[in-house]
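A.B. asks: Residue strings, one per chain:
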Amino acid sequence: MATVEELKLRIRELENELIKCKQKQCAVEDALQRPKIDIMSAEVVDSNPYSRLMALKRMGIVDDYEKIRTFTVAVVGVGGVGSVTAEMLTRCGIGKLLLFDYDKVELANMNRLFFQPHQAGLSKVEAAEHTLRNINPDVSFETHNYNITTMENFTHFMDRISHGGLEEGKPVDLVLSCVDNFEARMAINTACNELGQIWVESGVSENAVSGHIQLINPGETACFACAPPLVVAANIDEKTLKREGVCAASLPTTMGVVAGILVQNVLKYLLKFGTVSYYLGYNAMQDFFPTMAMKANPQCNDRYCRKQQEEYKKKVAEQPKVEVVKVEEEVVHEDNEWGIELVSEVTEAELQAATGTVPDLPEGITVAYTIPAEVKESGETVEETEQSLEDLMAQMRKL
Amino acid sequence: MTDEATRRTVSQIPLLKTHAGPRDRALWPQRLKEEYQALIRFVEQNKAADNDWFRLESNADGTRWTGTCWFIHELLRYEFHLEFDIPVTYPDTAPEVAVPELDGKTSKMYRGGKICLTEHFAPLWARNAPRFGLAHLMALGLGPWLAVEVPDLISKGLVVHKERQREASE
Ligand SMILES: [Zn+2]
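The listed protein sequences derive, respectively, from chains A and B.
Mapping to full-length UniProt numbering: the first sequence position 119 is 119, numbers consecutive.
Mapping to full-length UniProt numbering: the second sequence position 52 is 52, numbers consecutive.
Derived from the structure by calculation, the hints contain no laboratory data.
Not one of these hints is a red herring.
Chain B stretches covered by chain A per the calculated footprint, using a threshold of three residues with CB under 8 Å from any CB of chain A: (1) 15 to 25; (2) 80 to 88; (3) 116 to 128.
Yeah, the Cβ is synthetic: ideal placement off N, Cα and C, and Gly gets one too.
Excised from the complex, chain B in its bound form (with noise of 0.2 Å):
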């Protein structure tokens, strides 16, 4: 389900042009400035929304990507390390996200700590192709993924805050 939310902070992510895969070595360039326009405009709109939520960077030839995200529970911040490839594929199929330090917490994960995205995601991309890139697949995968899992998580006791954690082992 994409809330109202989440398709309007979509809809102001702007749109990519280039079609080209990492495997395109003429193009994928020019795709990879496109994927950077576009996420340095997402963070900025989340700063100005007060809803700052992650960091992404690449390696030089932009295949692949890691950096973090981060959460905020009654007014306690929980950091998670992400990570993902570049398929050969992309962009007409969206790489797997994958939070490591998550894996094996909950049953919304595939091995590997790769996140299990709604049905949604899937015919929403495929339709979207090429023009979605890397900040939407932040925004309608990742995002709602957090916001439903982390709490969760932290309810369950499988998370806990860092400060907390050093209290409790003192």
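Chain A extracted, bound-state conformation (with noise of 0.2 Å):
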């Protein structure tokens, strides 16, 4: 039986055999991956990179393609959509990405694109940030694994979207949300609504048949608490829909299509090329993209959404010339800052009862739910007291 002593060198023999390893792991990888390009070339030859994007510029596409790498765009969220997201973008040569995602890879998620069944364990943003390297060194990247809305990381958050351009100090050109809850979507407009930041909001259904993207310029159209959230119709019967024993499905095809019309739209906007779209949807039951644009609404739950407005208005006045968004609906906002709702769905009264208003949407749009405009009983509120937190959170402790 070996010694403690010998078993201790064998540990140190297969360290350095390790290490040699490893050395010669990243030796190749350098020597497969391209050294960097300082000029982007619109030179066809099989070994530039960048001559089909540039090739956009000869055909009158794009007045400047180079001026991508300029432009720094943060991807919150790198599941299914912001993957792709990332490497359509690096592809393109965008000049930097920040990247932000607390969560790992995982074999579940090998129905999506871009991540490979051995990165699994790998911090989502880590694992992005290696193969988007290999495809195309010259983007710069920045990644942050964790998330952004719990208060300290909210903060860095914020700091980043506003100092983390490409020439540091400089703010972000454009923020993407690619994340999959309500919460680090509230979070994002909250940072975005305060930092006066641009950014399109993008998702996919839990059904996984249908998407849509919004771009968001505080003050100008709709944010994200400025109506309840704007989803595709489905035009499947709730009833049929069988929820029990799952909580979502989803679709490479679809995510794929939802990084497609995202990026092609932030393409669109930092290239300055083609329509903008404000608000575009996907339904894949019956191939419908339906489009609008919505105004941002006076009575926006955030302060900083109505703040910003108000600085909107200014500018336009100033500039009388300016092109106005071309808006097609407002929606009316039920003020609702008392009601009491406790809805069920009981009965079809009682439903009807508890729904507000859907406003008037395009055919293909609607919203996720209604916050009903007549006040109902008002329940009883928590009393006055004398006591501190501390007594409180000791007396929590004592039940």
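Could you fit the two chains together into a complex? Lean on the hints.
C.D. replies: The structure is reproduced here in structure tokens:
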């Protein structure tokens, strides 16, 4: 039997071997990775990764394609939509990408694009950076492996949005929301309203057969809190939709389409070509792409949204010749500050009473839910108390 | 679906008054007091109704909550650790409650053990913000979830009573 000393020696040997293997692996990867390219060339040779993109210029689609290298985009959520979005931007030669995600790659993600089984267990941002850097070493990357909705991280997130540009200290050009939950979308909305940061929301429905993108320019277009979430009408009878035993479904196709329309809109916005969409939906069941634009709600719950609206009004007044976004629909946000409404799907009448007005929206787009206008019975509220917070905490512990 | 019993329970929880999240330094302590008041009342009501089923406590600034919840099934008590952070957008959005030890055991859960609430929860919360607090989250979110999931997990053998587990291993 081996002694402890012998085993220690063997461990050291194996460690050294591992280091050598790693070095060899890195050398191979470095050799495979192309050197950085200083200037984007339009020359059509098989060694130029940008020739087909630069052809957009020659064809007169884009005025100045090279400008892509000056832009910074933050991608929040590097899942089914975010990872593909980041890959598309990387291949297009974006200047800098900031990636935010707290999650790890799991084998359960393999029905989606981008990540590979051998990356299981790595943080999504780390795995994504590694792959993307190999695809295009000209792009700068900054990754943050945390949940943006908690206090500490949110402050850092705000700081990186306002200072994480290609030129350190400058804000990013665009924030893309590729998250899968309401809390994170609202957190991005809060940050962007406070910073006056333009961003694009994206989403895929939990049944995987619809999705949307929504460009939000604080003060000008409706923010995420201006109205209940806008969703693509499913045209599926809710009664036939089985939700028992599952949380959410997902398809690589729908996620790929949404990432595609998201990045297309980003390119059009950044490189100034075509028409930029304010809201573009995708109904996979009927192959229908509804579009619309909605202006900000003066009664929005977010006070920074209202503040940005004031500033936008001033800006427009100062520059009367600036082309104003064509606004098709305005959502009337029902004021329900003190209305208490307990909903249940017990009867149709009850459902009717608990439902607010559905705003007038183009065919194919609806709201995820409505907020009823009338104030029903007011419930009992907490009483004034002499007790301090510490007293209450102690009381709770003693229960 | 919010059943009649849940509705009655929820209607007894006092509503909160202060619209403030954790980033609001001036008003958050007041909101936190109201959260504790509502939670204390809710636990007392549960005890009175012989249906005591959870305890919660927070860190000093009230941004991180941990506790236990339990479910009685066929006279046996199944206890679980629960935790959640208060998102910066609270109380406009509800926290995501996690029961980490059940992660991977049910499809009614997102990664990290966050419970998957029914499609009725989000509209309900939105309609009642900011007057709903953590006690409402327990009553409308975690309570109904445990009632559906735990018996199912027990029947599938994915959750085993701690005493029985010990017996089995002896
Ligand atoms: Zn708004």
